[in-house]
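Undergrad: Below, each chain spelled out in residue letters.
Protein chains: 2
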Amino acid sequence: MHKVNIKFTKSSYFITDLKLCAVRLINNKKFPWIILIPKRIKVTDITELKTQDQILLIKEIVLASKVMKKIFNTKKLNVEKIGNKVSQLHIHIIARNSKDSSWPLSVWVVKGKTYSKSALIKITREIRKAFK
Amino acid sequence: MHKVNIKFTKSSYFITDLKLCAVRLINNKKFPWIILIPKRIKVTDITELKTQDQILLIKEIVLASKVMKKIFNTKKLNVEKIGNKVSQLHIHIIARNSKDSSWPLSVWVVKGKTYSKSALIKITREIRKAFK
Numbered sequence: 006m007h008k009v010n011i012k013f014t015k016s017s018y019f020i021t022d023l024k025l026c027a028v029r030l031i032n033n034k035k036f037p038w039i040i041l042i043p044k045r046i047k048v049t050d051i052t053e054l055k056t057q058d059q060i061l062l063i064k065e066i067v068l069a070s071k072v073m074k075k076i077f078n079t080k081k082l083n084v085e086k087i088g089n090k091v092s093q094l095h096i097h098i099i100a101r102n103s104k105d106s107s108w109p110l111s112v113w114v115v116k117g118k119t120y121s122k123s124a125l126i127k128i129t130r131e132i133r134k135a136f137k
Numbered sequence: 006m007h008k009v010n011i012k013f014t015k016s017s018y019f020i021t022d023l024k025l026c027a028v029r030l031i032n033n034k035k036f037p038w039i040i041l042i043p044k045r046i047k048v049t050d051i052t053e054l055k056t057q058d059q060i061l062l063i064k065e066i067v068l069a070s071k072v073m074k075k076i077f078n079t080k081k082l083n084v085e086k087i088g089n090k091v092s093q094l095h096i097h098i099i100a101r102n103s104k105d106s107s108w109p110l111s112v113w114v115v116k117g118k119t120y121s122k123s124a125l126i127k128i129t130r131e132i133r134k135a136f137k
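Heads up: the sequence lines are chains A and B, in that order. Position 81 of the first sequence, counted from 1, bears residue number 86 in our numbering, the numbering being contiguous throughout. Position 14 of the second sequence, counted from 1, bears residue number 19 in our numbering, the numbering being contiguous throughout.
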């Protein structure tokens, strides 16, 4: 398995591997929230990916977006490449809805809250299944 | 010219037209900040773009990212599709650095500040030139 930054392994849980990206769940029950991490060494920005990987990235963003919209029954997604704190390239895909805890603001304005262990197992399983 | 949402015309300034996207400067001098708006009717999410447009989008994100990194002399970009308030699909590309007013947090945690008219003309001109 491709090595992921220790900050990811601490705050997120493996869901599945796509061709380019590892998919992980962010442990924050306030928002259904996954990250896509391109399995490429020392890449911190989309511009550093090869052209073919850039195209794979948008395809996997679209695939993951469709999964999140379907499972969490929303049309509203936030898709974000931030990387201010963890420089390894990763894309946040967050299912939003008008009743969530920071709507209509960004998810970054509220503190996170972790899942229970059983909820974590349930949600990672559900998302993994939807990627198959 | 493709119609853009009135909320964009109020808060941002035209820079240039790419094949898929209109490029506009967000009027917030706290961050060098542009948006890419795909010139497609009623599209609110990347998944709603046709496959060829999805590929054009990632190519134009890469082009715009390179422009922003070069002009503002940084390796750190935030690339974000949010759209909670304005649903028409648009991608934020923000040049960040460790001395900016919300680093390492998201740009969404601080209030914006508008440019002076002369600064606005200067920066839109400079970015426009870099896209040529």
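Simulated from the structure, these hints should not be mistaken for lab results. Just so you know, these numbers come straight off a predicted model, no measurement behind them. A portion of the hints provided could be inaccurate.
Identical chains blur together in the list; that is why a pair holds if it fits in one copy or across any two.
Below are the EDC-like pairs computed for lysine to aspartate or glutamate, each with C-alpha atoms no more than 20 angstroms apart in a straight line [to be verified]: (1) 35 to 58; (2) 81 to 50; (3) 104 to 53; (4) 80 to 53; (5) 64 to 50; (6) 80 to 50; (7) 34 to 53; (8) 64 to 53; (9) 75 to 50; (10) 55 to 65; (11) 90 to 131; (12) 74 to 53; (13) 81 to 53; (14) 75 to 65.
Undergrad: Please go over all the hints and tell whether each is borne out by the structure.
TA: Structure-based check of each hint:
1. 35 to 58: neither (31 angstroms within a copy, 32 angstroms between copies)
2. 81 to 50: Between copies only: 8 angstroms across, 24 angstroms inside.
3. 104 to 53: neither (37 angstroms within a copy, 23 angstroms between copies)
4. 80 to 53: Classified as between; 10 angstroms across copies, 30 angstroms inside a copy.
5. 64 to 50: Intra 17 angstroms, inter 13 angstroms, cutoff 20 angstroms: intra and inter.
6. 80 to 50: The answer is between: 8 angstroms across copies meets 20 angstroms, while 27 angstroms in one copy does not.
7. 34 to 53: Result: close neither inside a copy nor across copies, 32 angstroms intra and 27 angstroms inter.
8. 64 to 53: Classified as both; 17 angstroms inside a copy, 12 angstroms across copies.
9. 75 to 50: Between copies only: 14 angstroms across, 28 angstroms inside.
10. 55 to 65: Both: 15 angstroms inside a chain and 14 angstroms across chains, each within 20 angstroms.
11. 90 to 131: Neither: 29 angstroms inside a copy, 29 angstroms across copies.
12. 74 to 53: between (28 angstroms within a copy, 12 angstroms between copies)
13. 81 to 53: For residue 81 and residue 53, only the inter-copy Cα distance (12 angstroms) is at most 20 angstroms; the intra-copy one is 28 angstroms.
14. 75 to 65: within (15 angstroms within a copy, 28 angstroms between copies)
Checked against the numbered hints above, the structure breaks hints 1, 3, 7, 11 and satisfies the rest.
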